[in-house]
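Chemist: Using my numbering, the letters of the sequence shown map in sequence onto residues 14 to 168.
Read the hints as simulated data drawn from the structure, not as lab findings. You may find that some hints are simply not true.
Here are the simulated BS3-like cross-link-like pairs (lysine-lysine), alpha carbons at most 27 Å apart as the crow flies [what the hints assert, rightly or not]:
#, residue 1, residue 2
1, 111, 140
2, 99, 111
3, 140, 81
4, 140, 100
5, 81, 60
6, 111, 100
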Amino acid sequence: MAMQLGKKGVQADMNVTPLIDILLVLLIIFMVVTPLMMMDHRVDVPKKAEVDLPPDVTAEQVVLTYTKDRAVYLNQNRVENTLLSKKLEEIFQNRRDKTIFLNFDPDANYGECVRIVDTVRNSGLEKLAIITLKEGEKFQIPGQASEPPTEPAAP
């Protein structure tokens, strides 16, 4: 540090030469190391293992329907509420895609619908999709013929 004596008294100046020396050394180090980091490294990636799926795995979608009469259907087959969890585990045990479509009757008890959702989740299913009705569309139980559209009476 250099000091100056004068009318105002002692003033100290900071010597920045050592700081500049350190910065220049760091700059040189980074300039040398950066090209070395850009070199390619050969990586041996393991090949994808071929997995044979069991023959009973199908790509069929599973739709669970719950009616206002507390009836549960898996696709078009009626299932007892007490056996629902076991049946879901059987169906999805060999499937990769753990998606189920839920179709609830709009007039069904909300609490019962939540119980069905809980049962489905506890069965290990990861994705739930809820089927909704379009405006004016009526709820339909799977496997039952829909009512033919009625034509308006002639005026």
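Chemist: It remains to establish, for every hint, whether it holds in the given structure.
Modeler: For each hint, the structure was consulted:
no.: 1; hint: 111 to 140; result: 6 Å, holds
no.: 2; hint: 99 to 111; result: 15 Å, holds
no.: 3; hint: 140 to 81; result: 24 Å, holds
no.: 4; hint: 140 to 100; result: 17 Å, holds
no.: 5; hint: 81 to 60; result: 52 Å, violated
no.: 6; hint: 111 to 100; result: 14 Å, holds
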